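Engineer: Listed below are the residues making up each chain.
Protein chains: 2
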Amino acid sequence: MQVTDLYVSAPGKAILHGEHAVVHGKVALAVSLNLRTYLRLKADTFGKVCINLPNIDTFLSWDLSQLKQLVTYGKVDEVQCLDAELVRRLREFIGVSNGSLDTCSMANLSFLYLYLFCICFLSELPSLTLTVWSELPTGAGLGSSAAYSVCLAAALLCASGAIPPPLKEWEHTARWCQEELELINSWAFQGEMIIHGNPSGVDNAVGTWGGMLRFLAGKIIPLSRVPLLRILLTNTKVPRSTKVLVAGVKDKINKFPSIMVPVLDSVDAISCTCEKVLSEMTCEPITGEHYNILEELIDINQHHLNVMGVGHPALDRLCQVTLAKGLHSKLTGAGGGGCGITLLRPGSTVQELKDCGFDCWETSIGGPGVQQHSAISVKEEILEILNYY
Amino acid sequence: MQVTDLYVSAPGKAILHGEHAVVHGKVALAVSLNLRTYLRLKADTFGKVCINLPNIDTFLSWDLSQLKQLVTYGKVDEVQCLDAELVRRLREFIGVSNGSLDTCSMANLSFLYLYLFCICFLSELPSLTLTVWSELPTGAGLGSSAAYSVCLAAALLCASGAIPPPLKEWEHTARWCQEELELINSWAFQGEMIIHGNPSGVDNAVGTWGGMLRFLAGKIIPLSRVPLLRILLTNTKVPRSTKVLVAGVKDKINKFPSIMVPVLDSVDAISCTCEKVLSEMTCEPITGEHYNILEELIDINQHHLNVMGVGHPALDRLCQVTLAKGLHSKLTGAGGGGCGITLLRPGSTVQELKDCGFDCWETSIGGPGVQQHSAISVKEEILEILNYY
Numbered sequence: 001m002q003v004t005d006l007y008v009s010a011p012g013k014a015i016l017h018g019e020h021a022v023v024h025g026k027v028a029l030a031v032s033l034n035l036r037t038y039l040r041l042k043a044d045t046f047g048k049v050c051i052n053l054p055n056i057d058t059f060l061s062w063d064l065s066q067l068k069q070l071v072t073y074g075k076v077d078e079v080q081c082l083d084a085e086l087v088r089r090l091r092e093f094i095g096v097s098n099g100s101l102d103t104c105s106m107a108n109l110s111f112l113y114l115y116l117f118c119i120c121f122l123s124e125l126p127s128l129t130l131t132v133w134s135e136l137p138t139g140a141g142l143g144s145s146a147a148y149s150v151c152l153a154a155a156l157l158c159a160s161g162a163i164p165p166p167l168k169e170w171e172h173t174a175r176w177c178q179e180e181l182e183l184i185n186s187w188a189f190q191g192e193m194i195i196h197g198n199p200s201g202v203d204n205a206v207g208t209w210g211g212m213l214r215f216l217a218g219k220i221i222p223l224s225r226v227p228l229l230r231i232l233l234t235n236t237k238v239p240r241s242t243k244v245l246v247a248g249v250k251d252k253i254n255k256f257p258s259i260m261v262p263v264l265d266s267v268d269a270i271s272c273t274c275e276k277v278l279s280e281m282t283c284e285p286i287t288g289e290h291y292n293i294l295e296e297l298i299d300i301n302q303h304h305l306n307v308m309g310v311g312h313p314a315l316d317r318l319c320q321v322t323l324a325k326g327l328h329s330k331l332t333g334a335g336g337g338g339c340g341i342t343l344l345r346p347g348s349t350v351q352e353l354k355d356c357g358f359d360c361w362e363t364s365i366g367g368p369g370v371q372q373h374s375a376i377s378v379k380e381e382i383l384e385i386l387n388y389y
Numbered sequence: 001m002q003v004t005d006l007y008v009s010a011p012g013k014a015i016l017h018g019e020h021a022v023v024h025g026k027v028a029l030a031v032s033l034n035l036r037t038y039l040r041l042k043a044d045t046f047g048k049v050c051i052n053l054p055n056i057d058t059f060l061s062w063d064l065s066q067l068k069q070l071v072t073y074g075k076v077d078e079v080q081c082l083d084a085e086l087v088r089r090l091r092e093f094i095g096v097s098n099g100s101l102d103t104c105s106m107a108n109l110s111f112l113y114l115y116l117f118c119i120c121f122l123s124e125l126p127s128l129t130l131t132v133w134s135e136l137p138t139g140a141g142l143g144s145s146a147a148y149s150v151c152l153a154a155a156l157l158c159a160s161g162a163i164p165p166p167l168k169e170w171e172h173t174a175r176w177c178q179e180e181l182e183l184i185n186s187w188a189f190q191g192e193m194i195i196h197g198n199p200s201g202v203d204n205a206v207g208t209w210g211g212m213l214r215f216l217a218g219k220i221i222p223l224s225r226v227p228l229l230r231i232l233l234t235n236t237k238v239p240r241s242t243k244v245l246v247a248g249v250k251d252k253i254n255k256f257p258s259i260m261v262p263v264l265d266s267v268d269a270i271s272c273t274c275e276k277v278l279s280e281m282t283c284e285p286i287t288g289e290h291y292n293i294l295e296e297l298i299d300i301n302q303h304h305l306n307v308m309g310v311g312h313p314a315l316d317r318l319c320q321v322t323l324a325k326g327l328h329s330k331l332t333g334a335g336g337g338g339c340g341i342t343l344l345r346p347g348s349t350v351q352e353l354k355d356c357g358f359d360c361w362e363t364s365i366g367g368p369g370v371q372q373h374s375a376i377s378v379k380e381e382i383l384e385i386l387n388y389y
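The listed protein sequences derive, respectively, from chains A and B. Residues 1 to 389 (full-length UniProt numbering) make up the first sequence, in order. Residues 1 to 389 (full-length UniProt numbering) make up the second sequence, in order.
Since the hints were derived computationally from the structure, they do not count as laboratory data. Since this is a predicted model, take the numbers as computed values, not measurements. Certain hints may be false.
Copies of one chain are not kept apart here, so a pair can be met inside one copy or by any two copies together.
[Claimed, not checked] Straight line, CA to CA, 30 Å or less: simulated DSBU-like cross-link-like pairs of lysine-lysine:
| # | residue 1 | residue 2 |
| --- | --- | --- |
| 1 | 379 | 276 |
| 2 | 252 | 379 |
| 3 | 68 | 168 |
| 4 | 276 | 219 |
| 5 | 42 | 354 |
| 6 | 379 | 168 |
| 7 | 276 | 68 |
| 8 | 250 | 276 |
| 9 | 255 | 379 |
| 10 | 325 | 243 |
| 11 | 252 | 325 |
| 12 | 48 | 68 |
| 13 | 354 | 168 |
| 14 | 168 | 325 |
| 15 | 276 | 255 |
| 16 | 250 | 325 |
| 17 | 255 | 325 |
| 18 | 325 | 237 |
| 19 | 379 | 354 |
| 20 | 168 | 42 |
| 21 | 237 | 276 |
| 22 | 48 | 168 |
| 23 | 48 | 252 |
| 24 | 255 | 68 |
| 25 | 325 | 42 |
Put together the whole structure using the sequences plus the hints.
Structural biologist: See below:
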């Protein structure tokens, strides 16, 4: 059968406030990052499925006949929890050992798993080529795997006919309706489970809904309106283990409960205050005082993250260098290195910071979630990559 | 009449934890600093009172006949609150305007005020020479004025016969009993009131009792036993206004109560945890883990003080430089510059830090309060200064 060609994209995510505290039942705010993952789906008639991931030099194709055999044992139609038996068979099929977590294998595994879901809606598997290109660095805590899973889910749900492509002829970009987004999000979560084992669901939710999400005790609430804010995202490139950092915070709370529990409460109040200020910024004229408060919250939270022991000299340096330019930074995500975000006021320039040798991107937060694009609305250099394969 | 010659000394103070939080009803821990102020009292028969303060180039003397006139209006015998009329006459006598707060005038004013108290116990004022030399920098928040007031109080109370000199012939140093220390402290507090207007009473209490004091809601409780700990005291020499800093913290609490109140609670818990650890260190073998905890508390509190907005780049630099040597620092006192303390582990050396250009003293905390010395127990270079005049 023939499916519609389409371009989709989904944003990365950054934690604005509440990283680590969220593990201990406090509010966290996750925002979309205007560094996006783009996917092109092209229908063809070669009886093959091809996936091209030029970011990680991965170009693979499988015969439909091979893939069909993988679903003979049962029908794939349960999106609440992973079909462990199918995952096992897919691992065997592409030759990945159980412990392996390399980006390439995980990308293939999650693709094939979601692809086979198409059988829920179609009598036969579609012949197609997928090409994915991302502006996001991988493994930096910026939700690159979720943006990938969200793009896959949206494109494959369209290919299977489960949801329609929302783009009208005269439009450049279009989004799906709420119900369709929920389906995309639940499929993307499947992909995330394959890649991460036990994901929080925040990353795929940000990739799906964009804007800002409030995350509390496992519940994810998309916030209706947030302002688009310019930020500088800096990758310290200091490698770290999220698991070790989370365990370290837990140990510190157990060692000094009377000292650390109030710090978590303070972080919770920072998230709530930030949410309130951002919501004000969408319904009243934005003033310098709004920025002052956002900057104060960033500073306080960065100190609190240092108290939790998840700081790093490279992050201290980022804070110092940006502060010397009147800008305020904090780590985002797990910390211990990783990425930092710096709030940019309207008109502030960051060339000097780039000159400092930081690996950084000037971008924005609060942009839209997953969307379909007309070819013309995809940045030229990205379009070139997507159409090359 | 003739009084006994004597040498006394009193320690400076540092705030170990709880600065600023104490203003908002939280616990603070103040410790004695082994940088001391030394006083020599020499009786003579010239019918004069002389005071020599070589640290501030002040050398003055007054005829007893002049001073006697100042107390003709009434007897000075109330140590609970200042005799405002006497203060007014003394200001007039030494020619200090009401607004003047220079160190020299304040030192003379408090000396003369306490000296005239002698009339409570004696029918006539004694003829004597006082020489005071301090190892403490003035105006650095290290309790130099309190150490001065405590020395004055102890020496003048001895001179007036109100308390006996405690030193036995065969002893090098000796301290007064609890009741006598309370009298010294209440006199010293008078001196502090003249110098500072509205002192907390913590500085003179540390100067009197030494060791460590717990300060909570205006109540000062000397703690029975504390270990003697080596520290590095660093004066950033960045000038600051305590009043402005205290107001800034208050503003921040009012602006962000839900964020800042938990931070104060956390500081309170830091003080309590520190007190507990220090008390353990006096009754069980001191281990590396004791130091680990003290260091963690220092780091956390320094972050909290930054949250309160009383940090300074010079203090950040101190923390960074010492951390590079495996040592942990925090500001002490008002912050915004001023002094920092660095905990030294047994065996750690600090020459490299001194080489960094910091103005610092290697000293200890937790030493004795006011004491009387035999001449031989006073460090030679200090004895030389005291005996020069």
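Engineer: Starting from the hint list further up, note which numbers the structure goes against and sort them upward.
Structural biologist: Those not satisfied are hints 1, 2, 3, 5, 7, 9, 13, 14, 21, 23, 24 and 25.
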